[in-house]
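The listed protein sequences derive, respectively, from chains A and B. Residue numbers for the first sequence, in our numbering: 176 to 519. Residue numbers for the second sequence, in our numbering: 266 to 590.
Because the hints were derived from the structure by calculation, they are not lab data. Where is the CB? At the ideal position from N, CA and C, for every residue including glycine. Careful, some of the hints might be misleading.
Stated by the list, open to error - In silico DSSO-like links for lysine-lysine, alpha-carbon gap of 30 Å or less: (1) 410(A) with 344(A); (2) 433(A) with 320(A); (3) 287(A) with 320(A); (4) 433(A) with 463(B); (5) 352(B) with 373(B); (6) 308(A) with 373(B); (7) 550(B) with 320(A); (8) 308(A) with 287(A); (9) 187(A) with 251(A); (10) 287(A) with 245(A); (11) 570(B) with 433(A); (12) 570(B) with 370(B); (13) 336(B) with 373(B); (14) 344(A) with 245(A); (15) 178(A) with 251(A); (16) 398(B) with 433(A); (17) 570(B) with 550(B); (18) 352(B) with 187(A).
Unchecked claim - So the derived list for chain A, only partly shown, Cβ under 7 Å to chain B, looks like this: (19) 356; (20) 362; (21) 426.
What the hints assert, rightly or not - Per the computed footprint, the stretches of chain A lying under chain B, defined by three or more beta-carbons under 8 Å from a beta-carbon of chain B, are: (22) 386 to 396; (23) 416 to 424.
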Amino acid sequence: MLKLDNVTKVFKTGTFGGESLPAVRGASFEILPGEVTSLIGESGSGKSTLGKMILRLTPVTSGTITYEGKDISRLKGKGLREYYRHVQGVFQDPFSSYNPVFRADRVFATIKRSYFPSVSSDEWHERVETSLKSVGLNPVDVLDKFTHQLSGGQLQRILIARALLLDIKILVADEIISMIDASTRVDVLNLLSNLKARGLGVLFITHDLSLGNYISERTIILRRGVVVEMGATQKVFDNPQHEYTQMLLTAVPQLHRKWEAGLDHEKDVMGVTAEDEGRPGRYSKSSLHPLANMHARKARRGEERLELAEGLLRTDTYLRTHEEVPPLVEVEEDHFVVQSAKVH
Amino acid sequence: MGLDVSHLQLCYRTLRGDVKAVDDVTFNIDDGEIMGLAGESGCGKSTLGNGLVRMDVRMRQLGGHVELDGKELPISDTKAMRDYRFKEVSIVPQYAMSALNPTRKVGKMVSELLKSRGFDYKSALPELERRVKLVGLDEDILRRYPIELSGGMKQRVVMIISTLLNPSLLIADEITSALDVSTQRAVGEMLLEFRDRKFVKSTMVITHDVSILAQVADTILIMYAGKLAEKASADVVINNPLHPYTQLLISSLPEVGVRHDEHTLVGIPGRPPPLLNPPVGCRFKDRCPFAFDRCNEEPPFVEVKPGHSVACWLRVDGASPAGGS
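Work out the full structure, taking the sequences as your base and the hints as a guide.
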């Protein structure tokens, strides 16, 4: 439906734009209806730039983004408005998406003014209420309220409701839950899953792998503006091919697996037994020298990281020294990895 | 030894009355212990952390007292606290990125800071450089401006500065929230290393992210609406929580390596109560699926198992309708 073909974005930096900073290099992928595609990368990887280019908030340097066969960079006036009728975005900070001087439901009024001027206000009110209910909000709770009276989760859901008033096909969700409390986060995530059941395509931009794992069908991993790995979420997470993906997966904090995954083995080395529970925590006071724990940790970390670091360095050097982006190769069905990586 | 907080009450003065952000909080942190403090925004976790270091002008201490290494910590007296701040208690603030002076090079800033506390920069420099190298940074950063450093580097620099005088208590307020996963890991491991090297005696890690605490904390304290909800060792809080709030919170976290196809996670409906006029009784009762009559009385924060304290009527013998489950 929405297709990116070799999309590149270069920012001019330095005095008089003398230097250039490639933010996105040769990204090609597709957003399909009824699927959540998560775009995962760390800060500076170009994930938000990609989202902005899709929303036409920033122009592409080269390559094309096509929506239903039409190149979106050529859209103007009426055509662009029609595009926004189908493609909408929701951003990270719900508080700065609203004007705090006005009531939060003003966002609905602006939609009516630009897209549905002929709809009667009674009917419009009904549509707003239906839309709010579909995102799990009670209209009485949120209408006629100012932004400071609503929680982040509510504001974020109002923005999604606003997008749903239009006939949207694609939603770009840029870090939409990173500012929401843990207890309501999952509700917004589940809402996105409901949207995909309604046939929407969602581009879910995040730095949090666990969220991507929870909600998406397809995963795209970005590193320095280059797609290093992409494919079906389960395949990417269960069988990560690229060193960067592997590194991200070992670094993500998890509830039931410690960073030093081989903790039990480590305990044996340290002479600390499982029964040794002198104090709450992982090591008892009676364990060897306190620094011994640390050295064991460092040794483990060293081994594990050395391999990853070498591979990562190889990729980074390649990307820095080469203009063109290495092609993606298919390692298994629906699972692609950039070619400079070690292929098993 | 370590930190002892008993029945501490902190409030914000507003025109509409006192907002009790920390209400009757009692806990202790041992030497060498890393305690995690978790909760939703507005639960009072940052207020507690800030209160132990520097009271805002709007903040008042309504009761309770704080002891550090057996000595009373005069937290309500901002002037008297000057003798303790940086030397005995230290904080890494939530936005460490903006804690550095943008017009000074890092080294210059540290030297000014030390001078203001009556210490000599030259004699502290070798130790400073050693610690900079220890956390994997180049000692050259002391001659750089903060703008030249990345977020993770700034976070680590602020942590080194805060712990330079080997404080007895370090309060780390949301230090990993703004970082990428790989930097989160580096900063988290730095907390462990600083503890092991005895740069700090006790550490309090304030965060909303329980999975970070699963990595670094020895014990976890869960706060809800200004009150303590649960305290136990990290493994117990994560694997066998007893308070309904903790249970719901932990079960709502998505994880890597788990397939979520079959079961969808659910959040906790509702919002935390306003603290200006908090409801009587258990503050979680409106959102709690197990609430019963007794919840209109305030549950005591009691030790139900060795090292495991909970504030919930379900866990008090003979109080629950079904005898607890």
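Comparing the hints with the structure gives:
{"no.": "1", "hint": "410(A) with 344(A)", "result": "26 Å, holds"}
{"no.": "2", "hint": "433(A) with 320(A)", "result": "44 Å, violated"}
{"no.": "3", "hint": "287(A) with 320(A)", "result": "19 Å, holds"}
{"no.": "4", "hint": "433(A) with 463(B)", "result": "22 Å, holds"}
{"no.": "5", "hint": "352(B) with 373(B)", "result": "19 Å, holds"}
{"no.": "6", "hint": "308(A) with 373(B)", "result": "57 Å, violated"}
{"no.": "7", "hint": "550(B) with 320(A)", "result": "26 Å, holds"}
{"no.": "8", "hint": "308(A) with 287(A)", "result": "18 Å, holds"}
{"no.": "9", "hint": "187(A) with 251(A)", "result": "25 Å, holds"}
{"no.": "10", "hint": "287(A) with 245(A)", "result": "26 Å, holds"}
{"no.": "11", "hint": "570(B) with 433(A)", "result": "25 Å, holds"}
{"no.": "12", "hint": "570(B) with 370(B)", "result": "51 Å, violated"}
{"no.": "13", "hint": "336(B) with 373(B)", "result": "33 Å, violated"}
{"no.": "14", "hint": "344(A) with 245(A)", "result": "15 Å, holds"}
{"no.": "15", "hint": "178(A) with 251(A)", "result": "19 Å, holds"}
{"no.": "16", "hint": "398(B) with 433(A)", "result": "25 Å, holds"}
{"no.": "17", "hint": "570(B) with 550(B)", "result": "23 Å, holds"}
{"no.": "18", "hint": "352(B) with 187(A)", "result": "46 Å, violated"}
{"no.": "19", "hint": "356", "result": "4 Å, holds"}
{"no.": "20", "hint": "362", "result": "4 Å, holds"}
{"no.": "21", "hint": "426", "result": "4 Å, holds"}
{"no.": "22", "hint": "386 to 396", "result": "holds (count 4)"}
{"no.": "23", "hint": "416 to 424", "result": "holds (count 3)"}
Comparing the model with each earlier hint shows violations of hints 2, 6, 12, 13, 18; every other hint is respected.
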